[in-house]
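Student: Between the sequences and the hints, there should be enough to build the whole structure, so can you do that?
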Amino acid sequence: KGQEVDLELYGNRKFLGRRCHPDGNPGSADKSDFQAFVATFGLPREHVVCGQLRDLMEDLINWWADRVLTITQGEDFDPDAVGLQIEALLAIGAPPHHNAIVRSKKIMLKAKYDRISSEILAFAELQQMNNAIV
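The sequence shown begins at 99 in the numbering used here and counts up by one.
Among the hints, erroneous ones may be present.
[Stated by the list, open to error] Simulated crosslink set (EDC-like; lysine to aspartate or glutamate; CA at most 16 Å straight-line):
1. LYS210 with ASP176
2. LYS210 with ASP164
3. LYS208 with ASP178
4. LYS204 with GLU223
5. LYS204 with ASP164
6. LYS208 with ASP157
7. LYS203 with GLU185
8. LYS210 with GLU173
9. LYS210 with ASP174
10. LYS203 with ASP176
11. LYS203 with ASP164
12. LYS129 with GLU173
13. LYS208 with ASP174
14. LYS204 with ASP178
15. LYS208 with GLU173
Everything labelled a hint here was simulated from the structure, so no lab data went into it.
Tutor: This is the structure:
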């Protein structure tokens, strides 16, 4: 709560893109423009290191999304803080349909609606008391 996301996380897709060849296989890439080829050269998509980087990113996203879900399932969480966490997750490459993210959003929205409903009810009761006095 209240902590900032390390900005380096936001570049993880770019980081992976710079290490793994954009077309998947540098061997079959167009080499007629050698400068462009060298500038975009990376490991083949199937290379073990590219797979490890993708797995590591997926593990990070899963851990973080599960942690956000755990927070939303707690008694007293801040829906706005959870919303920022979800935005950060999406910014670093989490899929919007990730199960923990979808469940967290539902819980977060319900909490917001419950809070708004309570405020409306309190206002209505106050108005009713004011009308009874007049």
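Student: So, for every hint listed, does it hold in this structure?
Tutor: Going down the list of hints, with the structure as the test:
Note on LYS210 and ASP176: the hinted pairing holds, with a Cα-Cα distance of about 9 Å set against a maximum of 16 Å. For the suggested pair LYS210 and ASP164, the alpha carbons sit about 20 Å apart, so the restraint of at most 16 Å is broken. A threshold of 16 Å between alpha carbons decides the hint, and for LYS208 with ASP178 the separation of about 12 Å falls inside it, so the pair holds. At roughly 28 Å between alpha-carbon atoms, LYS204 and GLU223 are farther apart than 16 Å, so this suggested pair is violated.
Note on LYS204 and ASP164: the hinted pairing holds, with a Cα-Cα distance of about 14 Å set against a maximum of 16 Å. Between LYS208 and ASP157 the alpha-carbon distance is near 28 Å, which puts this suggested pair outside the 16 Å criterion. In summary, the hint linking LYS203 to GLU185 is supported, as the alpha carbons are separated by about 11 Å, within the 16 Å threshold. Note on LYS210 and GLU173: the hinted pairing holds, with a Cα-Cα distance of about 14 Å set against a maximum of 16 Å.
Of the supplied pair hints, the one linking LYS210 and ASP174 holds, its CA atoms being roughly 12 Å apart against a limit of 16 Å. Taking the CA atoms of LYS203 and ASP176, the gap is about 12 Å. The hint holds against a cut of 16 Å. Restraint check for LYS203 and ASP164: satisfied, since their Cα atoms lie roughly 12 Å apart, inside the 16 Å limit. Between the alpha carbons of LYS129 and GLU173 the distance comes to roughly 59 Å, so the proposed pair goes past 16 Å and is violated.
About 13 Å separates the Cα atoms of LYS208 and ASP174, which keeps this hinted pair within 16 Å; it holds. Restraint check for LYS204 and ASP178: the C-alpha separation of about 13 Å stays at or below 16 Å, so the hint holds. A hinted pair counts as satisfied when its Cα atoms are at most 16 Å apart, and LYS208 with GLU173 qualifies at roughly 13 Å.
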